[in-house]
Structures are given as C-alpha cells and as structure tokens.
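Protein sequence lines correspond, in order, to chains A and B. When the letters of the first sequence are read in order and numbered with the numbering used here, they come out as residues 1 to 581. When the letters of the second sequence are read in order and numbered with the numbering used here, they come out as residues 1001 to 1581.
What the hints contain is simulated information worked out from the structure, not anything from laboratory work. A couple of the hints might just be wrong.
From the structure, some residues in chain A lie toward chain B, with a derived Cβ separation under 7 Å [said to hold, decoys possible]:
id	residue
1	D14
2	K55
3	Q57
4	K292
5	H354
6	T368
7	L369
8	T381
9	N384
10	A392
11	N399
12	N402
13	C426
14	E496
15	A549
Calculated lysine-lysine pairs in the DSBU-like style (CA-CA distance at most 30 Å, straight line) [unchecked claim]:
id	chain 1	residue 1	chain 2	residue 2
16	A	K400	B	K1514
17	B	K1350	A	K377
18	A	K359	B	K1377
19	B	K1517	B	K1463
20	B	K1344	B	K1280
21	B	K1517	A	K21
22	A	K359	B	K1400
23	A	K359	B	K1359
24	B	K1194	A	K514
25	A	K377	B	K1400
26	A	K323	B	K1517
27	A	K377	B	K1021
28	B	K1280	A	K514
29	B	K1517	A	K400
30	B	K1194	A	K55
31	B	K1055	A	K200
32	B	K1514	A	K296
33	A	K377	B	K1194
34	B	K1021	A	K514
35	A	K517	B	K1359
36	B	K1280	B	K1463
37	A	K296	B	K1517
38	A	K400	B	K1359
All values reported here derive from a predicted model rather than from experimental measurement. For each residue, glycine too, the CB sits at the ideal point set by N, CA and C.
Protein chains: 2
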Amino acid sequence: MRIALAQINPTVGDLAGNCRKILDFIGHAKAAAAQLVVFPELSIIGYPPKDLLLKPQFIEDNLRALRLIAARVTGIDVIVGYAERNTAPVGRPLHNAVAVLREGKIISRHFKTLLPTYDVFDESRYFEPGSPQPGQNLVRIGDTLAGLSICEDLWNDERMIARRLYHQNPIADLHRAGAQVMINTSASPFVVGKHEFRVKLFTSQVKQFGQPLIYVNQVGGNDELVFDGCSVVIGADGQIIAQASDFEEQLLIADLPDGGGAAAGGNIYQPAGGIESIHKALVLGLRDYVRKCGFKSVVLGLSGGIDSAVTAALAVAALGSDKVVGVSMPSRFSSDHSITDAQKLAENLKIQFHIVPIKQLHDAYEQTLAVPFAACKPDVTEENLQARIRGALLMAFSNKFNHLLLTTGNKSEIAVGYCTLYGDMCGGLAVISDVPKTTIWELSRWINQHAGQELIPESSIVKVPSAELRPNQTDQDSLPPYPLLDAILYRYVEEEKGVGQIISEGFDEQTVLKVVKLIDRSEYKRRQAAPGIKVTSRAFGFGRRMPIAQNYLQVIPKRGEASPASEENLIAGWGYEPRKD
Amino acid sequence: MRIALAQINPTVGDLAGNCRKILDFIGHAKAAAAQLVVFPELSIIGYPPKDLLLKPQFIEDNLRALRLIAARVTGIDVIVGYAERNTAPVGRPLHNAVAVLREGKIISRHFKTLLPTYDVFDESRYFEPGSPQPGQNLVRIGDTLAGLSICEDLWNDERMIARRLYHQNPIADLHRAGAQVMINTSASPFVVGKHEFRVKLFTSQVKQFGQPLIYVNQVGGNDELVFDGCSVVIGADGQIIAQASDFEEQLLIADLPDGGGAAAGGNIYQPAGGIESIHKALVLGLRDYVRKCGFKSVVLGLSGGIDSAVTAALAVAALGSDKVVGVSMPSRFSSDHSITDAQKLAENLKIQFHIVPIKQLHDAYEQTLAVPFAACKPDVTEENLQARIRGALLMAFSNKFNHLLLTTGNKSEIAVGYCTLYGDMCGGLAVISDVPKTTIWELSRWINQHAGQELIPESSIVKVPSAELRPNQTDQDSLPPYPLLDAILYRYVEEEKGVGQIISEGFDEQTVLKVVKLIDRSEYKRRQAAPGIKVTSRAFGFGRRMPIAQNYLQVIPKRGEASPASEENLIAGWGYEPRKD
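Just chain A, with the same shape it has in the complex (with noise of 0.2 Å):
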C-alpha cells in the first residue's frame, strides 16, 4: 500500500486556503500513485483554532469546505481533519474529527477520544470525547484494515508517561478491534527534544501492538505554537520506514506491505535536534507569524546586546535582510560600544540601518516632569522612561512603515521582570521570550558558526549584559548571574518545583527567595506582554495561567526541621520570607 503523508501548514481559520491547499496536496498525491493520502488534525481549520469554535456560522463553513472537497476526490482515499457537531443532546456541541473521503462521498467519520486539556491545550473547552464502538475506528483501505486515531489518542502510554491522565486507551483498542496499521492524524507543537520523545513513544507503541504507524503533523507557526512536522511512518519492527523533514511542509511518500507487516520503503529525512532546532523553530515561528499577519517587514532595536543581535540574525533568516530594518536609540548612559556594535552586526546582516538618539526626548521628558517631581529624588522611574521613549519611537517606525515590531526580552528576564512595560516590551512578537539566557549565548554561537563568518559581533556575545539605562549599570547588579538564575528558573517555572526543594538541591536560600518572589510578582508584566514562540516545556504565556493578585507565600520548613514550624506559626506568619535562625 502507497501513503501520502500530506504535512501541511495550514492558517488558523483561512478555510478557503487550507482547502486550496488540500486539493493541491491530493492532486500531488494521486501523481504519486498513492492509494490514500493522510492530513493532519482539523487541517481544514488549522490548529489551534481556540474560540473560533465557538462561533456556529465557523462550524457551519468548515462542514461545508468538508463536503467541498470530498467532492472532489476521486481515484485515491483522502483522511482529513475537521470538526463535526455533536448531534447527541448531551455533552459538548462538538467532536474533534477525522472523515474518509472516497470517490466523491464522505464514507466515515472519527472522533478524536482523549482531549488534551494542560499547558497550551484547551480542547475539553470545546470538544466531547468520542466513545466508539469497537471496531468503529476502523477503516478499509484496499486489503487493509486502518485504525484511526487522533493526537493525544496515542500519547496515554503509561510505560512513557508520568501519569495517565485518561481511563480509555484508544490505541488498544484499535488493536483489539483487529487494525493492520495505525493511523494518527496530530498537530504536535515543538519543544526542544519532542521529535526524540515522540520516536521513543510511537516505538514503544508499535512494539506494545505489534502493527506499523503512521503519523501525520502540521508544520508551520501559528501565534505562540510551531508545529514541526517531523511525520514518520513506523514498521512493525519499530524501525522508522519514512520520516519527513522538520519545520516545512512536505508531501512524504511511504509504501507499507499489503496486510501490514514488514517495512518496504520511503524516505527518510533527518530532523534537527538540540540548538538547531530551537533556531528552525524560531524562524519558522516568526516567519509564519510575520506573513500569517500580513505583515512583509519587521522592525527591531539594537542595543548592541546580544538579545537584539540574535533576534535581528534570526528576522534575517526568516524574511531576508531587505525585510528587516535595525534601529539604534543611544541615551546619555549609552556605551560607544552600544552603536558601533548595533551598526556592526546590521553592516553583518546587510539590513536597513539608523541611528535615532534620545537625548532630546529624554530631556523633554525630565523638564516635563520637573513641576510635578520637584521633591523626589532619581529612581527606577527615569530608567524607564529611557525605555518607554525607546518603545514609542520603534512603534512610529512599525506604524507609519508597517513593520511589525519584534521585541527582544529572553525568557530569564521576563521571568524576573527585568524589562520595562511599554518600553523594551513594545512589540507585536516576543521571538526569544521563551529561550533562556544561557541559551541564547549557545544561540549565537551556532549563529555564527552555521553562518561560517561573525554574523553577530563577537563584542556582542562576551560584553557583560547591561541594560544601560544609568551610568555602569550591569544586569547582575540586580540579578544572580544568568547560568544560576536559569537553573533556579528552570526548577521553579518548568519543574514546578517549590522553594523547599529548589533550597534542598543545594541553592542559596536567599538567591532563591529572590529569584521566585521575582518570577512571581512580575505575573502583571507578562500578561500585557506580546505572544512569544514556545521552545521550552514550560513557556510563560497561554500555558501558564497564573493570578496577578495573589499572594502564595511558600512555607520553608526550618533548617533541622522535616515539617515547616509549628501550626500556630504557619497561621500568623505562613510564607517565604528568609528564617531567621
């Protein structure tokens, strides 16, 4: 049997172009002489869609782009994802879904059984489980009996898993039902080493059932999420038969055995791993989020920082250096070093370059202020408002050029709050909002290296960060050193961790306090910030919903104690300020 993995990358909501780009996909897949060809998860609406899918009118058109191109199939067996109504009178209005299409008819419809509802998923929001019958989820493709699955249908393997969140688990199912092969159509966003883990997870499923896979993701950036593609076809055996490309849209060609069984052939592509992966993610990300925006350009300041430098290298990479246009806004406190490196790296990338000091701005903003602040003395408040002059002038540019603004925060200094609210936070996309410190100097040295010549200034990556917004300022005169802050970060916001724990690891207690009372009293900062790409397990943002106004104050057991002080303290004094003893 010839398969055609169709990885597309569709818009959110653009039905009228996801269905273009389905019947162009079909069409090249019947030129391949495949006998079916598999999209994946609601690709006619494109994943996430959110509330869209509460609107009836949305549903309404996605049936109907369904049966428009059911229409149009002939002479090949088409496996595409939609969303279908509910028709029971109770439970959720709608099923997330998968139809057959088959010489002009929808021949079956599948509904996806486990709904992920964590981290960046809402589907239990929208979406009743389906609760088929056995052998309901299978289909006959020629000699072949398929077992249909939907995404996290295959992910409840409790051998790979934590916890197991779901009773059912739809996989053995289909085995039970008698499926030769199994099909899961998915929208799977990347996190740096989930290709891996999914190898891992669909292996140990094949082996556990003993029938090849194949799975199907989208590709492509929509808002805060990049799907990586990375479909693969899996033998029996648990040897990958064909693995497509990562980050771009590919029609992957696989041919399995009649009746299942051995593998016979396709190929096989090798995705990126590690830092290669963060940067395919970041471009891909910004590039879809720049042209599914219908912007052509972006807009950034330069500081002559590394943050800057890196986001300007990774605009370049995604849009091309006559797209991307670099501006650098020196202050009084700013360094020489702050131009010349900003006009060295845009000299370097070849984009367009200018130079607007604040000096002026800053001034005018002093005297205007002068009446109302006579008796207060210098303060955070000037620091900021260096950055808020800094924010308006790069949205005039994005406003009266139509650049899309790119804001340069990594995620360590938005995790503290180390960044000014309508200042260095300006912008429409936080590209490196999820990518740690440490990680960007690891960042801009692949830069560099992939590109074979110094695309960001070495003076960039070794000078010591600083936000210059007063005279020799450095970012550690407020903050541990970024690999300790990173790693107290990665505990807290990725692992869950609690300040006990962290403590109990071997860190300093005071330098976690900070750093946690930090994190959790900049939550007001982030919620006005723009979306940023996710990379890491745990990206601020959609899927980390916490309250502003909250007050966790963790309980620190005292030192030789296993339990935290007495009851009677915990009521009159519960929290994390330091021990005293």
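Here the structure of chain A is known, so what remains is to put chain B in place on it, guided by the hints.
Relative to the frame of chain A, chain B by itself:
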C-alpha cells in the same frame, strides 16, 4: 437547624490570610449558636487559583491548612472548600473538594462532579470529576441528612439552560439518595443579571426535588472576576428564607426546621440589579485589585471625556478621594473644555489634580523622527505618538509615587481597536473595559443621580466623543454611532452570531462587515491589554481566547440565495468582502 453562611472574600493563594479569616468566621458562627457554618468553593485557596494548582507544594500547603483548621474546630460543624489529591492511579491529579470538619477532625471529603470548562473556567485543566457512590455525598448534620454539591453541580438543569453539557445530574442523585436539604458551595462570578438567573435556577431545582437549598457564594474581586456573594437559603416551598448582601463579606444566619421542610427565618437583603449592580461590581473589583496587588492609590489620565470621568468616580467610590490622582495632559489639539472639564471633575471628586502639557514632548518626537520620516506624510503614527507620550507620563507618575495606573478604555473602543497600544491602553487595570459605551452613559447618569449632585460634569456626558488626536476629530469619523456599534458588538461577541445572521436582523451590511473586521483585526491589541473587570456574559480577555494570526472570513449568501455562492466560488474567494450584486 441554625446554619451560618460564611460569604467570605479570600485572596487567591493567601493560605495564611484565608485560614485566619475562616477561623474568624467559625468563631462568629459559634457565637451566633449556629450548628453548621458553610464556606464557599475552594475557600482555603480563593477562586480562581489557576495554575497555582499545578504546584505540588501549593497543594501540600493547602492540605496542611485544612488540617490546621480542622484541629481548631469544636462545638460546630464546618464545611470548607479546598483542593484534594486524586489518589487513583489514573485521572487528573486533583479534586475540587469540600471537607466536613467536626470536633477536631476531618470527618468526610466530597468532590465536585461537574467541572465547568468554558468562558473563564478551566476546571478540566486541573480536576478529575468525582464519581460518587449513591449516598456518598450525604452527611448528617444534627438530625438532618444534607446533600453536598459544589457550584456547577447545581447548574445542569435542562429546563433552565440551552444545552446539557454533562451526562450526570448530581442534584438528582442526592435527591434519590435521600438528602433532606441541599448545600451548595460556590464561586460564581458576577455578570449583570446573574443573581436573578440564579434565583430562578435554584427555585427550579428546589421545586423539582422538594428540598430546601443553602447556597454559599464567594464575594470579592480576584483579577478579572468579581464574585457578588448573594448567598441565599431557599425553603422547600421555593420561597427565599434568607438572602445575603451583594458585594460584601457577611455571615448570614438562617434557621431551618430540623428534617428539612418549610421556612423558619433569617434576614433577607435585597441585592442591587441593572446599572447599580454594575457600579457595585466595578467598585469592588477595583478596590480588591488595588488592595490584593499591594497598592494603596491610583493615578489616571483625565481627558475631559466621559470614560476617564466615570473611571475616576469609580476609583473614588472604591478607595476614597485622597487615594486618587488625576492628570490632564493637553496637546496642541486639545479643546479648552478638555482641561476645564477635567479640572471640574477633579474638584467635584476632591482628588489631587495635575496639568502636564505634552507640547514640548510632541515637538521633540517630531524633531527626533524628522530625518527617518522625511519623505512621509502625517498619518495615524503621529496620533499614536501623542497617546504614547501620555501613557509614558502616567507610568512615570505610577513608578514615582507607587500609584496603580488605571486605564480608561470602554468595551466598544477596545472591541474595534479604537485605542492606542502602549498609549491610552497603558495601565495595570482596565476598569471599564467590559462596559460598552452606551452603558457608560447610563452609568454616568446613575452616578450623578445616586450622588445627588453633578459629580461627573454634564458637559463631559453630553459632548461629542473625540480622541482629540488631530484637529476636529470625532469618534464617529471612524466608527458608526455608538448605539449601532454596541448593538452589532453584542450580537457578534456576546451572542456569537455570524455576519449573515446579524445582517438578516436588519443591520446595514457594510456597517456589519466593517465592525466585524475591526473586531477581528484588533485581537493583537487586546492580547496585550490590561486585565479588565468582567460584567457582561462575554468579556474580552481570559474568557475569550482568539487566535491573532488567523484568516477566517465569513461567508455571506448572495441576495436571494439560501446558501452562499457556488462551491467553486467559495474556494476561489471565500470571504466576507461586501457582495457586489
């Protein structure tokens, strides 16, 4: 049986403070000779805790708090809400739970069955539903068999709601198991008209099952949500026995005859409705946000217009005149009345008032950008700069004096993007961002009427709305008249009606298309908006999750056609551009 309903205002995550408050209320209930005191849903934690629930240490601390409260209970029964671990090997790791406490012990634990996962609610993200055995959620209080349920468990009434979302009916189950009185602990947020709906719903349930109902709701503002309290006791005959106040903490005492049955007595407070209830919700939401975030005072820009005037009046009602600072920031385009009306408002409200002209800054931006913008004509860029100057000045006041900045945009403006990101959208709380402009006018009239004097200058109420960012500008240059805009907005956002459906109700096609397009295209601004206080059934923000990079263009049938265009046309040009016939 004498029951105390403890309508408390917890702070999310403040386990120590909430514990102290709960112990306090237990003491008062004992002093009032109550046999039982009932607290709201998740009362130890505060609702909604959002992703605090994902922190294992937080769950451990909340269990410790429960044990600590239990150890102090004597001479009264207590029902209190908390998060319980799910001890089963499969399923989500938590239950939304209540515990019954008696004489120093936790005597039983009961889990929520129906988990709201829509609008602002995400409970399936955290909790596994309880699946109680018959009678398991019954507890004997004195001689009475009480049936326990949590919030949504009470709401699956098919006679009152459009569609049953859930397959179970926990209240019917309690009835069958022999409950003599129903006790429901809730955290049900305010929406205008919701109290009236609740009373109808509860009465319907009481009449269906013939048992009295004790309903205890949380009160207070937590981020976007304001809980209105309005706890109530309804007798078996459907009559209200006791009714708590709205929007304030209260210990409501009610006497029920032992064994259930007819009413015995209690105080009946009459909650506000309509505009007055919106006023109360905004005042409490503002007060609690300021307090729970640790601020003492607020600052806001006063434009002389109605939105900032209403916001200032709400702030004074919430915090007092001495905690509110108003700033007028006239430009070269400001009318005389913009300053005089702002000044008059400040005098009426007795608040601190500054005039900070922006002319010098406006000039400085133009000069700074003269070179890069040399070849460009003036456009919206220059209008936005003025708004951004004002935003930066207000943030300087906020930073310098530790005032929380209030932003003053209304729902109509934010819907269509008639507001400047990082300009007038600057602020920590968007007080009226869920109040449509037409309701703002009603609210201003109510405020003056209620005060018995012209707090908000009549000229601010009657003037033609204008942003005053260019000469002779009015809102209606860019937008349809507000009554029309709000009518379309209501149908599109709150009712989720499609374009075709709204047009078919008699609205002008071009106007509908324009408004809908503006709403869809402004999502990127709202993503970076300050949290706003929810008062309508569908607020922007956490309860409306739309993609930014999306391209859904709704299908409009041609005149005289039932279904839109031919299928060929759909693929070629599916969309909501105005029809040409």
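To see whether the hints hold, each was checked on the structure:
| no. | hint | in the structure |
| --- | --- | --- |
| 1 | D14 | 4 Å, holds |
| 2 | K55 | 5 Å, holds |
| 3 | Q57 | 3 Å, holds |
| 4 | K292 | 4 Å, holds |
| 5 | H354 | 5 Å, holds |
| 6 | T368 | 6 Å, holds |
| 7 | L369 | 6 Å, holds |
| 8 | T381 | 4 Å, holds |
| 9 | N384 | 6 Å, holds |
| 10 | A392 | 4 Å, holds |
| 11 | N399 | 4 Å, holds |
| 12 | N402 | 10 Å, violated |
| 13 | C426 | 5 Å, holds |
| 14 | E496 | 5 Å, holds |
| 15 | A549 | 4 Å, holds |
| 16 | A:K400 - B:K1514 | 23 Å, holds |
| 17 | B:K1350 - A:K377 | 27 Å, holds |
| 18 | A:K359 - B:K1377 | 25 Å, holds |
| 19 | B:K1517 - B:K1463 | 28 Å, holds |
| 20 | B:K1344 - B:K1280 | 24 Å, holds |
| 21 | B:K1517 - A:K21 | 24 Å, holds |
| 22 | A:K359 - B:K1400 | 21 Å, holds |
| 23 | A:K359 - B:K1359 | 17 Å, holds |
| 24 | B:K1194 - A:K514 | 42 Å, violated |
| 25 | A:K377 - B:K1400 | 9 Å, holds |
| 26 | A:K323 - B:K1517 | 27 Å, holds |
| 27 | A:K377 - B:K1021 | 40 Å, violated |
| 28 | B:K1280 - A:K514 | 38 Å, violated |
| 29 | B:K1517 - A:K400 | 22 Å, holds |
| 30 | B:K1194 - A:K55 | 23 Å, holds |
| 31 | B:K1055 - A:K200 | 28 Å, holds |
| 32 | B:K1514 - A:K296 | 24 Å, holds |
| 33 | A:K377 - B:K1194 | 49 Å, violated |
| 34 | B:K1021 - A:K514 | 28 Å, holds |
| 35 | A:K517 - B:K1359 | 40 Å, violated |
| 36 | B:K1280 - B:K1463 | 26 Å, holds |
| 37 | A:K296 - B:K1517 | 20 Å, holds |
| 38 | A:K400 - B:K1359 | 21 Å, holds |
Consistency with the previously given hints fails for numbers 12, 24, 27, 28, 33, 35, ordered from lowest to highest.
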